[in-house]
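Trainee: Turn these sequences into a full structure, and let the hints guide you.
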Amino acid sequence: MNNHKNQNIKIFVTGPSGAGKTTFIRSISQSEVLTTDVPCTNAKGKKETTVAMDYGSLNLDRYAIHLFGSPGQDRFDFTWDILRQGALGVIMLVGGHDPEQLPVLKKMHDKFLTELTIPYILGVTHQDLAEVWTPAEVADYLEIDPFLCVGINALDENSATDVLVRLFEIIEKEIEG
Amino acid sequence: MLFGKIKSIPLPQIVRIIGEKSGVLEIKSPENNLYSFRFARRLFLGAKKQDNPIGDTFALKSMLLELSQKEESFFIFKEVELQEDDVSFSLPAVQLIIASLHSLRTMYQKNLPIFFPDPETVFLSTGNDPSWIGSEFFSFWIEAEPFFAKGTSAKELAKNLPIELEDILFHIYTLRLLNMIKTASKKRTFYLPISDQSDLNSIESHHTNIHLGSDSAAIGSKPPPLPSESSTTAIQIYQSDQQDIKKGLLRRLIYGFKNFFRKMYE
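Protein chains in written order, with the working numbering: chain A, 1 to 177; chain B, 1 to 266.
In case anyone wonders, no lab produced these hints; they're calculated from the structure.
All clues stand as given, with none of them false.
Quick list of the computed label-pair ranges, beta carbon to beta carbon: (1) P92/B <-> P146/A: 22 to 28 Å; (2) F74/B <-> D81/A: 34 to 40 Å; (3) G127/B <-> S31/A: 48 to 54 Å; (4) I163/B <-> S31/A: 48 to 54 Å; (5) Q95/B <-> E143/A: 17 to 23 Å; (6) K78/B <-> D81/A: 38 to 44 Å.
Backbone N, C-alpha and C fix where the C-beta goes; we use that ideal spot for every residue, glycine too.
Mentor: Written as structure tokens, this is what we have:
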């Protein structure tokens with residue numbers, strides 16, 4: 001009987017402002033994406049920013065995967081603790097084209113590493129551009145295993161899917177010890 | 001490609017990232033002055049300002065101080081094999097990190113907090129020899145080392161040492177660049193999806209936490225966060241045959257993803 005019930009998996013998507021979290025969820029979600037974007041103006045030409053959360057979902061067989069995206073600006077960091085509760089894993093994203101995101105990412109990553117009890121993966125976005133930090137360079141910057149870093153073009157469904165697949169591979173690898 | 005502004009990634013941090021790589025680090029100031037540093041496999045080989053080679057450590061320190069005032073400067077690291085005859089210093093790159101940290105502290109103080117870790121992030125000693133890190137950092141190390149040995153945060157150190165939190169954060173930033181401490185991570189617990197309570201009842205109640213490798217340390221005693229009221233229910237890792245079931249589930253998920261998206265987008 002239980003085999004016919006839906007299994008719910010929650011994934012938390014986070015990262016600095018401008019990393020591509022909303023784009024990632026839009027690329028991968030089958031359901032209509034719930035966003036809380038508002039107009040903003042900044043020096044980098046970003047037109048909208050998330051102020052509460054993004055939500056999207058996809059279904060695989062009997063598994064429902066729910067993606068919860070956080071706001072990137074640290075003034076909304078109180079939402080991160082709430083949104084990540086109950087998550088199976090975390091996807092952190094950072095814009096490889098914009099090194100100014102790296103100090104924010106590092107602070108966020110270190111804090112999560114101290115508090116986190118669930119596996120994570122780091123997606124380095126904008127890999128379609130010529131001038132971009134590679135996943136290996138970001139891994140060096142954060143002093144983490146390069147296996148945890150993967151390049152991504154958040155606009156591309158296949159690329160976004162690869163990140164999710166790698167996260168599940170990491171979960172499996174960690175289970176195997 | 002390593003690039004950016006030194007206000008986002010200061011020189012000592014760039015040198016740390018360069019690590020084993022060989023090549024030339026070029027820094028262009030807003031006034032279009034070009035500074036370059038040459039590295040090969042953790043050795044600092046030499047530096048130039050415009051086309052003028054820097055010949056001694058006094059000139060090098062002066063150049064580092066000058067650069068630390070030009071936070072809008074843009075850097076790019078070009079990975080190339082260098083000729084061994086073009087060497088004026090041949091110092092361990094870590095010595096350049098120490099020298100540039102002093103300049104950073106003096107001239108760059110107002111912007112440093114953006115690089116500081118969160119006060120609650122926990123760090124552990126790496127066990128490396130501290131004798132070479134320099135007297136300023138060494139005196140802090142002597143006081144803080146017993147705390148780092150078991151894992152501590154800046155907030156905890158501020159409670160136990162007669163040092164301001166901001167100074168502690170600076171020292172943590174430097175000790176980390178000098179590879180004396182590293183971020184500690186918690187024991188990992190996995191939450192696997194399950195649909196309702198009856199599923200939970202069918203599984204053995206005993207569980208174990210997974211300790212991630214030798215360099216991950218168990219810290220703190222706070223239990224892992226409980227899941228929210230969503231239908232994602234917390235289960236932890238089960239021993240023996242139950243664990244095989246979980247592995248199978250994850251394999252199916254991975255397989256499912258690949259096939260699902262192939263069908264959907266091809």
